[in-house]
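Those protein sequences? They're chains V and L, same order as listed. First residue of the first sequence: 832, per my numbering; consecutive thereafter. First residue of the second sequence: 189, per my numbering; consecutive thereafter.
Since the hints were derived computationally from the structure, they do not count as laboratory data. If a hint is listed, it holds; no wrong ones were tucked in.
A few chain L positions that, by computed beta-carbon distances, are all more than 10 Å from chain V: (1) 209; (2) 242; (3) 299.
Looking from chain V toward chain L, a few residues come up when the C-beta cut is under 10 Å (computed): (4) 873; (5) 876; (6) 935.
Predicted, not measured: the structure shown is a model, and the values here were computed from it. Using N, Cα and C, we set each Cβ at its ideal position, and we do this for glycine too.
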Amino acid sequence: DSGVTQTPKHLITATGQRVTLRCSPRSGDLSVYWYQQSLDQGLQFLIQYYNGEERAKGNILERFSAQQFPDLHSELNLSSLELGDSALYFCASSPQTFLGEKLFFGSGTQLSVL
Amino acid sequence: DAKTTQPPSMDCAEGRAANLPCNHSTISGNEYVYWYRQIHSQGPQYIIHGLKNNETNEMASLIITEDRKSSTLILPHATLRDTAVYYCIVRVVSINTDKLIFGTGTRLQVFP
Chain V
832 DSGVTQTPKH LITATGQRVT LRCSPRSGDL SVYWYQQSLD QGLQFLIQYY
882 NGEERAKGNI LERFSAQQFP DLHSELNLSS LELGDSALYF CASSPQTFLG
932 EKLFFGSGTQ LSVL
Chain L
189 DAKTTQPPSM DCAEGRAANL PCNHSTISGN EYVYWYRQIH SQGPQYIIHG
239 LKNNETNEMA SLIITEDRKS STLILPHATL RDTAVYYCIV RVVSINTDKL
289 IFGTGTRLQV FP
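Work the whole structure out from these sequences, hints included.
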């Protein structure tokens with residue numbers, strides 16, 4: 832158990848819909864990262880938050896957004912869903928944003944868009 | 189962003205050492221090398237990381253060449269439970285960014 836909690840574990844929805852994925856980082860971790868893993872793209876970095884502020888952006892679509900709340904949990908919002916958005920979405924956390932620290936990953940949310 | 193190159197797959201006999209190579213020829217001086225593994229569709233699991241010196245922990249050893257252009261992850265006594273996809277990653281950190289860039293990884297199959 833990494834200590835990072837992601838909910839829900841599975842999500843099935845239809846095209847055009849909007850969903851919210853939730854991540855609770857390890858206790859005390861200030862930094863949260865979101866990754867998307869699809870069969871043909873591997874693990875893609877989406878976005879990182881540090882202590883409530885966006886710090887780094889990767890291959891995140893404009894239809895996707897995220898935020899980190901004062902209690903440090905984070906939510907990833909996916910809107911106008913398309914079939915191609917079906918993927919595993921992972922959240923990771925680390926104490927700070929620092930070269931020498933480890934990232935701990937949650938068990939992921941499996942999103943299926945039908 | 190620094191990129192890594194790994195062989196797509198490797199086999200290893202149970203009980204033997206598994207040596208997984210990684211090339212990262214464009215790595216910068218302040219970028220760390222991280223290794224993670226993923227078993228089935230579980231969340232990636234941290235194994236080890238290093239900057240320039242060799243590192244060892246309870247799971248594995250990391251050997252980084254002097255020029256830092258390549259590294260090798262060593263699982264000293266592979267077990268069936270070590271069957272997984274192993275990712276060699278360069279962590280890119282600057283004022284405006286902090287991210288682990290995953291490559292395609294090496295699928296390690298440990299056989300009895």
